[in-house]
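**Student:** Sequence:
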Amino acid sequence: MSVQTLYTAATGMEALETKLDVIANNLANVNTTAFKKDRANFEDLFYQHEVLPGSKSDGELTATGVSIGLGSKVSNVQSDFGQGAFQQTGRELDVAIEGNGFLQVTDPNGQRLFTRAGNLNINANGELVIGSASTGRKLDPPISIPNDAVGIEISPRGEIFVRQVGNTQLTSVGILQLATFLNKDGLLKLGENLYGETEASGSPQAGTPGDTALGLGVLRQRFLEASNVEPVQELIDLITTQRAFELNSQAVQAGDQILQLISNLKRS
282 MSVQTLYTAA TGMEALETKL DVIANNLANV NTTAFKKDRA NFEDLFYQHE
332 VLPGSKSDGE LTATGVSIGL GSKVSNVQSD FGQGAFQQTG RELDVAIEGN
382 GFLQVTDPNG QRLFTRAGNL NINANGELVI GSASTGRKLD PPISIPNDAV
432 GIEISPRGEI FVRQVGNTQL TSVGILQLAT FLNKDGLLKL GENLYGETEA
482 SGSPQAGTPG DTALGLGVLR QRFLEASNVE PVQELIDLIT TQRAFELNSQ
532 AVQAGDQILQ LISNLKRS
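Each residue of the sequence shown is one higher than the one before, counting from 282 in our numbering.
The hints are simulated quantities; they were obtained by calculation from the structure and are not laboratory data.
Please note that a few of the clues may not be correct.
Quick list of in silico lysine to any residue cross-link-like pairs, SDA-like style, CA-CA up to 25 Å [claimed, not checked]:
#  : residue 1 : residue 2
1  : K465      : A366
2  : K419      : V454
3  : K354      : V454
4  : K354      : V284
5  : K354      : L308
6  : K465      : N357
7  : K465      : Q392
8  : K354      : D537
9  : K470      : T314
10 : K419      : K354
Now the in silico label distances, taken between C-beta atoms and shown as ranges [claimed, not checked]:
#  : residue 1 : residue 2 : range
11 : T493      : A405      : 36 to 42 Å
12 : F442      : T387      : 19 to 25 Å
13 : L495      : S338      : 45 to 51 Å
14 : Q514      : N404      : 34 to 40 Å
15 : I520      : Q486      : 37 to 43 Å
16 : V431      : T521      : 50 to 56 Å
17 : F323      : V431      : 53 to 59 Å
Built from N, CA and C at the ideal position, the CB exists for glycine as well.
With the hints as constraints, model all of the structure from the sequences given.
**Tutor:** Printed below as a string of structure tokens:
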């Protein structure tokens with residue numbers, strides 16, 4: 282019936298609206314450090330079965346049935362954790378993760394969080410933190426930089442060395458650790474380039490960069506990982522999604538016109 286057409290097309294429009302929101306967020310974060318683009322996945326709703334496949338008709342089994350779909354919905358929004366391009370910054374406290382893994386930080390409440398953004402800073406206490414618009418979060422495990430440090434070197438394996446005043450030798454002050462998860466898609470996005478652990482993601486497995494047993498990547502000093510959003514592909518998806526939305530709206534209009542026609546026939 283035409284009434285069902287209205288409801289079915291409405292589910293498609295609602296799902297496509299969610300996809301437009303996802304695309305808009307991807308484009309808004311095209312310059313966000315280490316941002317991972319999202320993708321809206323769809324699934325069809327249940328079906329109204331008027332004739333089941335294999336039912337008997339005139340004593341014969343039907344090869345196919347009559348099933349009418351009732352629309353679609355967004356099944357999930359999935360993140361693409363593919364590697365972003367490397368941007369050379371020349372800043373000694375910038376590190377990019379080449380490969381798998383997340384830096385670990387703690388917020389002021391002691392909660393452990395995870396990030397791919399490696400734009401490190403030094404707070405007033407000499408501790409390395411991940412900076413954001415609101416607060417600096419300490420690395421976990423914490424690493425302190427001496428007040429007289431005049432140079433910092435970070436190895437691909439995460440070891441941090443400092444050069445101090447009056448000393449030509451490098452001194453090790455700690456090792457940056459990375460964490461990995463069995464299901465990265467299960468991480469909770471918190472904003473500010475941060476992720477939180479959930480039951481779906483599983484517990485983090487921490488190790489030093491380059492740990493092959495955990496499949497951890499290595500660090501690249503004086504680089505940052507760029508967003509992996511591809512603007513051209515997002516624009517193509519934006520156009521196709523907009524057109525699909527328009528087609529669903531035309532289905533609503535067609536169903537409405539048929540209902541008007543039926544209503545007029547009853548009056549005549």
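**Student:** A separate judgement is required for each hint: does it hold in the structure or not?
**Tutor:** Results for each hint:
1. Distance restraint check for K465 and A366: the Cα-Cα separation of roughly 20 Å lies within the 25 Å cut-off, and the hinted pair is therefore satisfied.
2. The suggested pairing of K419 with V454 holds, with an alpha-carbon distance near 15 Å, which does not exceed 25 Å.
3. As the CA atoms of K354 and V454 are separated by approximately 52 Å, the hinted pair breaks the 25 Å bound.
4. Restraint check for K354 and V284: the C-alpha separation of about 19 Å stays at or below 25 Å, so the hint holds.
5. In summary, the hint linking K354 to L308 is supported, as the alpha carbons are separated by about 23 Å, within the 25 Å threshold.
6. The straight-line distance between the Cα atoms of K465 and N357 is roughly 14 Å, inside the 25 Å bound, and the hint therefore holds.
7. Distance check on the hinted pair: K465 and Q392 sit about 18 Å apart at the alpha-carbon level, within 25 Å; holds.
8. At roughly 22 Å between alpha-carbon atoms, K354 and D537 fall within 25 Å of each other, so this suggested pair holds.
9. A C-alpha spacing of about 15 Å is found between K470 and T314, which places the hinted pair at or below 25 Å, so the restraint holds.
10. For a cut-off of 25 Å, the pair hint linking K419 to K354 is broken: about 40 Å separates their Cα positions.
11. Here the CB-CB span from T493 to A405 is close to 38 Å, well matched to the stated 36 to 42 Å.
12. With their beta carbons about 23 Å apart, F442 and T387 fall inside the hinted range of 19 to 25 Å.
13. A hinted range of 45 to 51 Å is violated for the C-beta pair L495 and S338, which are about 60 Å apart.
14. Restraint check, Q514 to N404: a C-beta distance of roughly 39 Å satisfies the suggested window 34 to 40 Å.
15. The given range of 37 to 43 Å is respected by I520 and Q486, whose C-beta atoms sit roughly 41 Å from each other.
16. A hinted range of 50 to 56 Å for the beta carbons of V431 and T521 is consistent with their spacing of about 54 Å.
17. At about 56 Å, the CB distance of F323 to V431 agrees with the hint of 53 to 59 Å.
Hint compliance for this structure: hints 3, 10 and 13 are not met, and every other hint is.
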